[in-house]
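Asks: Spelled out, the chains give:
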Amino acid sequence: MNTQDRIHQQLSGDKIVLYMKGTPQFPQCGFSAKATQLLGACGAKYASYDILSDPEIRQGLKEYSNWPTFPQLYLNGELVGGCDIMTELFQKGELQKLIAKAMG
Amino acid sequence: MMQPDDIKQMVESGLPRARVSVTGDGHHFDARLSRFASRGARKSRAAIPGGPLGGKTVQRTVFTVPPRPWRAPLRGALRRVQFCSRQNCEAEVISSKFASKTMLQQHQIVYHTLGGKMGNEIHALSLRTQASAE
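Respectively, the protein sequence lines represent chains A and B. What the first sequence shows, in the numbering used here, is residues 1 to 104, in sequence order. What the second sequence shows, in the numbering used here, is residues 1 to 134, in sequence order.
Worth flagging that the hints you see were computed from the coordinates, not collected in a lab. What you were told as hints is all true, and nothing was included just to trick you.
To give an idea of the chain B side of the interface with chain A (calculated C-beta under 7 Å), a few residues:
1) M103
2) L104
3) Y111
4) M118
5) L127
For every residue, glycine included, the Cβ atom is placed at its ideal position computed from N, Cα and C.
Model the full assembly from the supplied sequences, consistent with the hints where possible.
Replies: This is how it looks when you write it as C-alpha cells:
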C-alpha cells in the first residue's frame, strides 16, 4: 500500500483524526500538546497518529493536505487546520460544535 | 536560520500590499529537559539542530511505557526533551486576497508565500489572518 492509500485508510477509519508529534499522553511539541488539550476540552473521542515515528506519513500528509505543519486535525476526512485554527475555532465555540457533529 | 524579518519579507513579497507583522525571538529553543524515572525507557543521544544549543548533544529518553514521575530519582539521570519548538514566531497578516476565503485557505496562502520553508527552517509560526477591503 502506498503512503497516500495509507493516509486515506487512516482518515476513513475514524471520524476525528489528529496527526501530531508524539502521543496525547506524551506530546513531543507544545503545539501538539495544545491540540490534544483542546480536543479533550471538547470531549472528543479521536484517533491520533504520531508522525515522528512515521516519516512517510509525515511527508505524505504535507502533500495530501497542502499543509506544511503539525498537528493536523481532520473531521470526516477533511482538514480543519492546525493549532492556530483549532484555538480560534474553540474560542468562538465552533470547534465544540464541529466535534459534536462529527461524533454524531 | 530564519529571522522574523526574513519571514515578514517573504510574506510581503508574496502578498503585495498586505499588512504583515512578525514577532518572535527567532532562535528560541524551547526544549525542557524534564526529570522522569521510567521503566523500559530507551536511551539515546540526539543532537539539537539549530538554536543557541545547536550542535549540542543531549541525552534523550524514548519512552516505551509511561514514566512514573513520582518515582523520579532526584539526580535525574534520565531526561526527556519534552518540547521540540526550535523557533517560535507569531505573524499577523491582513490582506485583500483573503476576502471570501476560509481561515484554512487564508493560512494556506501565507504558507505558500514561504515556499518550502514552513515546517522546515521555520518550525512554528503562529498565524492570525484577516481579510481587508481592497
